[in-house]
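S.K.: Using the sequences plus the hints, can you model the full thing?
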Amino acid sequence: MNCEVCQLNELEVEHFEIREVLRCILHTILFHRALGLVRPKDVDLELFEITYVQCGDVEVERKIDEKIDQFIDRVEKHPKKKNQICLSFYEVKNKQATWFTNKVEHLYWEQWYINLNVMQHPKTPSGKSHHSKLVVDPGVEAGGARRAALEASLRDVLFQIIKFVNEKKDHVPSIPNLEGFLFPYEITISRFCIQDGYVQEDAPDTSSIDAQLIIIALKFTLLLSPCREVKYVALCLKVNMIKPTVCKLELYSIVETEG
Amino acid sequence: MASYHGNTRSGAPEIEQIITVIFAGCLHIILESRCPYVSFPKHSSEQILSFPFPSPSSSPSPPSSCSSSSIGLRDKWFKLAHRDCPAALENIGFSHQSNLEPMIVDVILVKRSGNWDLVNYSPKRGYARNLSGKEWYRCSSENDEFGCEIESEKIIERWVVQYESKQSGDNGGGVMGSNRATCKSSHELYKKSILLLRSLYATVRLLPAYKVFRDLISSAQIRAYNLGHRVSSFVEPFTGREEADMQSFVFPPLDTSCGRLCLSVVYFSSELDIISEPSTPISPQVIHEYVGSPMVEPLKRFTAVPVSQCSPSSSPFGRRHSWSYDLYRVSPSSVNPSPSPTYSESCASMPKQLSHRFPPASLRHHIPNETPPAHMKDPNFHEYWPSPTFSPSSSPSPSPPAYNPASHILKALFRSESAPFGLSVSRLSPLASMPKNQLLPPSPSMGTCGHRVAKTDGYAGLYPTGSMVDKLFASAKEEAGKLSGVKQSSNSSSMKSFSRSPSRFSFQDNFDDSEFSGLLIPDDDDLPESSTRPDAAALFHLLEKAPPLRPDISITTNLVQDSKPVIEEISPESLLGESASLNFSSSEIESSKTTADAFTELVEYKKMKELLLKQCKGTQA
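Top to bottom, those sequences are chains A and B.
So the first sequence is residues 28 to 286, counted in our numbering.
So the second sequence is residues 108 to 728, counted in our numbering.
To be clear, the hints were calculated from the coordinates, so they are not data collected in a lab.
In silico BS3-like links for lysine-lysine, alpha-carbon gap of 30 Å or less: (1) A:K94 <-> A:K109; (2) A:K90 <-> A:K68; (3) A:K190 <-> B:K261; (4) A:K190 <-> B:K318; (5) A:K94 <-> A:K195; (6) A:K195 <-> B:K273; (7) A:K190 <-> A:K109; (8) A:K120 <-> A:K195; (9) B:K318 <-> A:K68; (10) B:K273 <-> A:K190; (11) A:K120 <-> A:K190; (12) B:K721 <-> B:K652; (13) A:K90 <-> A:K196; (14) A:K190 <-> A:K68; (15) B:K273 <-> A:K196; (16) B:K724 <-> B:K652; (17) A:K94 <-> A:K120; (18) A:K107 <-> A:K90.
M.R.: Encoded structure:
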């Protein structure tokens, strides 16, 4: 079974907007993958005029909020880096532990990458600002245009999800195999990692050595070569990669910037 | 529906059945979020649901976490437990005869005309008519659910659900072409239909029309627009101009072994394009400045008084002011339609003893239980009760007065717990704070009235100085006669006199004339301003010396002592500044009767006292 990957459009958000944006996107994806009986719950965003749909399950909501809290903590620790949340759906292949390992194999059949570019602002006087849902930055009033653009972008992301869900349905496991109302899933906060091509759970804060070397080499190449050669180098890197990884994003961004 | 037990055959009838259910599901989801006012079908929803939705006996059972009993038959099909939409159910009932016919759902923005009646607003449920066989159902008519004229209709969304059979030979119209895997089994189709409906459920909430729908169902305001819908198989295509303003979203088609199901929507991208008129709020608002309110026209309220015994509804001034109730404890049982409680209550609580002596004819109308005494036709009546002087609609015709401005004075004199008119008027503002035992009529007035009553009913011996009382009544008679002339005057002058009359109610002026006349008769321009204070003072002093006959009378005596300085402080301004002086209820009639009885007893006591004194003198001698 192929693993379908969907890279959602990057969103540029303020710190206080992270929670609402992530909730909206994650719940929308999960709603489309909850093929069991659900009681949909309409939720109105407070910061935007958007209504999204939740599964209506308390456990799902709790798990999502927990991951969002982790993401916000990581953003606060590494404010200058782009951050990404990955929502993966998998099937459990080997439920029984073997003699040598107790690890249960997860066969991922779908991954969603949510890319957020958190804008940096001076810290507010309050302590953990990410726990306050409606802390309005004084600069928000001046950023009305930015907010409107973000709302439009968020709406585009939701439509992107809808399109992807309807365009690719064959990889979705059959419903009789569904235990419960929702396919098993996991939410990871991804970092740069090239190891075996999969997004690492609890990846280290620093990128892997391989990724760092690649980035250094690419930047050196940019200094010495024209743009066409840089794109060739990036293409080679892509071909050599077995699975799409986060590292590729930064390579593409560098290529686009220089190109 | 085919079972899931490994049946991989196409199952054309099952697929057709699933397609039919998809049509119904799409309609339900669309109308659920676009139909703010729905009607309720006469028949049960289960009966409707049973028609297009065959029993999903072979479908996977819902999870045990959800109780199946609470989930409708429809919900089990697509695993989506959402609220009922009777509009969709009714439309389904008209039906979609064939899967090959497209189902086009137009969401229409109905704008109402500006002249619509808020008072008679009543949301009409149900739909207007079925225009034709092709149009399954129409929500709006010339008059929408609110009975308002429809100014314009605008299609803000158009949903098209279409199933193209492969037999028709049209399979290349899909967006994604033929690369998509075909649902070779009903199982696959069922799974994909669930995904499709999930996406539709989320999409309808992302479009601008959903906000309009939410505004309509959530807001208490009545807006100048409404949402309607139209389900049909054939519609006129949009013009080029309309299409230019609209955006479209096409769901990836759902390929089956027998055909392809396509779902698309054309919509206005901006809510501003949808709504261009502000709504008309009908939220309740408190109006502080209404006609006759004390804040707007504190003086005018005394002039806005009806003259005839018209019903309160017929007269614009017939409504009582609620602000007068708290001060003067107006009883709702008062039948006088006059808005001025000063005079209306005086009529209502007119004691019997005085009613037959000074009865305004209007009292018959205002005191239903009172039998009109024969002497109500007393010609003296008009002398003492200038009735319609205070009404703007007063006519020179000898119509019986609606109220008696001076009757309240007499009532005040006989009340055991009410202050004299002048006193009560002077205390209009502090009346509420004034304890009841202080609200007693002045003894001179009471005594005078009692004497006057005694003249007819045996109260002659109330006061040893009968001449004083006669003097009071005589002056009162003169003033009443003058006031009766006022009755014939024009409205303006009567109003003017009315507005000025409270000044004459002051004790200072009343006692300039006599002890009693000023209290009885409202002042007029023609009335001489004579002081009655010395006589009144003497009468008060007399009553003060008299031993208490009853506890209420003793209180009255005390009040006389206490009220004396207050009387002097009465000013026309204070009288004019008060909203109403006296409101007399039926209970006060009884209290005045009790007071009259008390005076009767007082007179008798006086007689006995004199008799005893004589006897004592005789024995001593």
